[in-house]
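Asker: As a plain string of letters, each chain reads:
Protein chains: 2
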Amino acid sequence: MQFFSSDFKLGILGGGQLGKMMLYETRKWDIYTKVMDASADAPCKIACNEFVQGSLMDFDAVYQFGQDVDVLTIEIENVNIDALEKLEHEGKKVYPPTKTLRTIQNKATQKLFYTDHEIPTAPFTRFAYTSEIEDSIHNGGLQLPFVWKSAQFGYDGQGVKVVRKIEDLQGLPNVECIAERMIDFKNELAVIVARNTKGEVVTYPVVEMEFHPEANQVEYVICPARIDPKVAEKARDIALKVSEHMKHIGLLAVEMFQTKEDQILVNEVAPRPHNSGHYSIEASYTNQFEQHIRAILGLPLGKTESKVAGVMVNLVGAEGHTGDVVYQNMEQILEMEGVTPHIYGKRQTRPFRKMGHVTIVDEDMAHAREVAQKVKETIKVISE
Amino acid sequence: MQFFSSDFKLGILGGGQLGKMMLYETRKWDIYTKVMDASADAPCKIACNEFVQGSLMDFDAVYQFGQDVDVLTIEIENVNIDALEKLEHEGKKVYPPTKTLRTIQNKATQKLFYTDHEIPTAPFTRFAYTSEIEDSIHNGGLQLPFVWKSAQFGYDGQGVKVVRKIEDLQGLPNVECIAERMIDFKNELAVIVARNTKGEVVTYPVVEMEFHPEANQVEYVICPARIDPKVAEKARDIALKVSEHMKHIGLLAVEMFQTKEDQILVNEVAPRPHNSGHYSIEASYTNQFEQHIRAILGLPLGKTESKVAGVMVNLVGAEGHTGDVVYQNMEQILEMEGVTPHIYGKRQTRPFRKMGHVTIVDEDMAHAREVAQKVKETIKVISE
Numbered sequence: 001m002q003f004f005s006s007d008f009k010l011g012i013l014g015g016g017q018l019g020k021m022m023l024y025e026t027r028k029w030d031i032y033t034k035v036m037d038a039s040a041d042a043p044c045k046i047a048c049n050e051f052v053q054g055s056l057m058d059f060d061a062v063y064q065f066g067q068d069v070d071v072l073t074i075e076i077e078n079v080n081i082d083a084l085e086k087l088e089h090e091g092k093k094v095y096p097p098t099k100t101l102r103t104i105q106n107k108a109t110q111k112l113f114y115t116d117h118e119i120p121t122a123p124f125t126r127f128a129y130t131s132e133i134e135d136s137i138h139n140g141g142l143q144l145p146f147v148w149k150s151a152q153f154g155y156d157g158q159g160v161k162v163v164r165k166i167e168d169l170q171g172l173p174n175v176e177c178i179a180e181r182m183i184d185f186k187n188e189l190a191v192i193v194a195r196n197t198k199g200e201v202v203t204y205p206v207v208e209m210e211f212h213p214e215a216n217q218v219e220y221v222i223c224p225a226r227i228d229p230k231v232a233e234k235a236r237d238i239a240l241k242v243s244e245h246m247k248h249i250g251l252l253a254v255e256m257f258q259t260k261e262d263q264i265l266v267n268e269v270a271p272r273p274h275n276s277g278h279y280s281i282e283a284s285y286t287n288q289f290e291q292h293i294r295a296i297l298g299l300p301l302g303k304t305e306s307k308v309a310g311v312m313v314n315l316v317g318a319e320g321h322t323g324d325v326v327y328q329n330m331e332q333i334l335e336m337e338g339v340t341p342h343i344y345g346k347r348q349t350r351p352f353r354k355m356g357h358v359t360i361v362d363e364d365m366a367h368a369r370e371v372a373q374k375v376k377e378t379i380k381v382i383s384e
Numbered sequence: 001m002q003f004f005s006s007d008f009k010l011g012i013l014g015g016g017q018l019g020k021m022m023l024y025e026t027r028k029w030d031i032y033t034k035v036m037d038a039s040a041d042a043p044c045k046i047a048c049n050e051f052v053q054g055s056l057m058d059f060d061a062v063y064q065f066g067q068d069v070d071v072l073t074i075e076i077e078n079v080n081i082d083a084l085e086k087l088e089h090e091g092k093k094v095y096p097p098t099k100t101l102r103t104i105q106n107k108a109t110q111k112l113f114y115t116d117h118e119i120p121t122a123p124f125t126r127f128a129y130t131s132e133i134e135d136s137i138h139n140g141g142l143q144l145p146f147v148w149k150s151a152q153f154g155y156d157g158q159g160v161k162v163v164r165k166i167e168d169l170q171g172l173p174n175v176e177c178i179a180e181r182m183i184d185f186k187n188e189l190a191v192i193v194a195r196n197t198k199g200e201v202v203t204y205p206v207v208e209m210e211f212h213p214e215a216n217q218v219e220y221v222i223c224p225a226r227i228d229p230k231v232a233e234k235a236r237d238i239a240l241k242v243s244e245h246m247k248h249i250g251l252l253a254v255e256m257f258q259t260k261e262d263q264i265l266v267n268e269v270a271p272r273p274h275n276s277g278h279y280s281i282e283a284s285y286t287n288q289f290e291q292h293i294r295a296i297l298g299l300p301l302g303k304t305e306s307k308v309a310g311v312m313v314n315l316v317g318a319e320g321h322t323g324d325v326v327y328q329n330m331e332q333i334l335e336m337e338g339v340t341p342h343i344y345g346k347r348q349t350r351p352f353r354k355m356g357h358v359t360i361v362d363e364d365m366a367h368a369r370e371v372a373q374k375v376k377e378t379i380k381v382i383s384e
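Protein chains in written order, with the UniProt record's numbering: chain A, 1 to 384; chain B, 1 to 384.
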């Protein structure tokens, strides 16, 4: 098979932590890889076979990179799609396909996609410019409060703001955006769907994002979600419907809200390995990174069931710390059973920067969840 | 902690498959690594931070390499111990310690170690030269048949021969050697013991090497061994006794025979990650490579229990094939559930060369064993 020989080259756009974890799998199968990232210090720089420094948003850089590989994939969506499209037209295998990326990259387009395909999602209005919103509120077309989201480049929580009163609009960029109804949800769930080049599809179990009661920030990703099996089935069905219409190749992580009335609403999707699937490295028969590689290379998809219960805790930079990173109390968490830290290898920490994650696995979910809390209370990502 | 910062450097002597799998763990924890290997195509070359080409048996190369790292470990025993000893005397942390390596590197010394410490092992006689053996047979000091083993450099089955009649001695090198009584064993077992710099010790479950009924070659490594729990306990106790006296730091893989009378006899040991522990990547809470890193860095040792049953199949080069390697029917084995191939990344295959391994995991051991057989019957390592 060509992938397992030396005349095949896999290209990965983006050299961050997701790419780094993907590289464990390409190394395991001795697949030749070439990675491009804007940073010379990218976590992927070692462990890939070739590294190129270049901007993922630059047409020429992406186009040139793509010409030198056999299959091209991404670890981040913010890439130059025009270049990918040209490569695709020239016959290059680009996974996810650019059509999927175009739908996802613009949040207004993504929301319209859901309504077009009768996929439940929070009601929203699209605006060509933020400045149009105030009029719409005044003439009764839009109710406060709502969630303002810029249509483009909303990666990692930027470009999102809760608007409770008109003054909250001040300072927002005057760009294409959506105003989305605030959902009073009881759970945030996610399902990872894998789809290979031959159309085979599998789903991972539904996971639950547990929020901090006050900070309103995801604290734990829990697999399987501690929800009614019927709700889980509904979430899986909806994720499969999104996948079917999205016609992605590779993974699709579908984030959803479970409302107080047990409705499932799709929030957003990512066409790649995802934070909500990191638990799979330790807990699943086939981890999400291996699954992505299987999918884009047209290999049979692996078993998505879990061996044991898994809980994932993100390691983010502590507030008040900027500079050379130190992982405080690492030894203490290594003393706890079933605990695996992953350090992404970013040299500099800053408040809330994703610096790593810790997976806790156990036969007993309640015990894993308890240990996860201890981990979270123990380890600190600070500067020297 | 120093290991998780950029001013710590771990040195690994040997850049083969064991080193490669160790590097997944150093990458996971972002530990800076420097590797030396004689081959410019060593599987470790990518994924380590620094690679040096050099002979592991060369005093100057090893000494110079060691001076540039903070902790020095090995992935193969055949290294220049004099250089390691000098480094150790100068205060360098060398794990396993050279004393352990000296005991192990010479098979006669290793056997004497067992008898000195009342560790059960097959009876043997040491000879300064192979040429002395014939006399010993003639004057009744040694009975045929026996297993001839050269004292030095017996790695990977070389330097071992079953001697059934005097003529079998012809062609053997005239070197220091042992003649060991042939053991009529019903199982070959192994236990991996981890011991960290602080003296903490843990053991992995007893594994069983299942032999091909005719070829007398290990076909499967099975965890846990399908043996009487009392025999397993005895094997673990003996492995712990070897570990205690060996005073190794890091892993010690203890290979043993279970005789027809359920006696346990130590065969040989390896002071590093071992083929008999590869199953742990997919099956154990803490895989053997992470455990070795924990041990040599003085970190708390991880949980050695298994999440699921594991069976490992070695991928060796097929007979009659020498040249650029091809993994035939890879796709078919990826279709089977719970199957994870590991391809070491050696470009050239030759008969019986270790080219990779496949782990099969399942909740049910009998099912894992069945799938393992299918894997073995399906995949072929051939040349182009």
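Heads up, a few of these hints could be off.
Each pair may be met inside one copy or between any two copies, as identical chains are not told apart.
In silico lysine-lysine, PhoX-like type, Cα no more than 25 Å apart, as pairs [to be verified]: (1) Lys186 / Lys303; (2) Lys9 / Lys45; (3) Lys303 / Lys380; (4) Lys354 / Lys149; (5) Lys161 / Lys230; (6) Lys374 / Lys230; (7) Lys303 / Lys376; (8) Lys34 / Lys241; (9) Lys303 / Lys230; (10) Lys376 / Lys45; (11) Lys34 / Lys234; (12) Lys234 / Lys354; (13) Lys374 / Lys303; (14) Lys86 / Lys165; (15) Lys9 / Lys380; (16) Lys230 / Lys92; (17) Lys234 / Lys376; (18) Lys376 / Lys9; (19) Lys161 / Lys380; (20) Lys34 / Lys45; (21) Lys376 / Lys92.
Because the hints were derived from the structure by calculation, they are not lab data.
Asker: Which of the numbered hints are not met once you compare them with the structure shown?
Answerer: Hints 1, 5, 6, 8, 10, 11, 12, 14, 16, 17, 18, 19 and 21 contradicted; others consistent.
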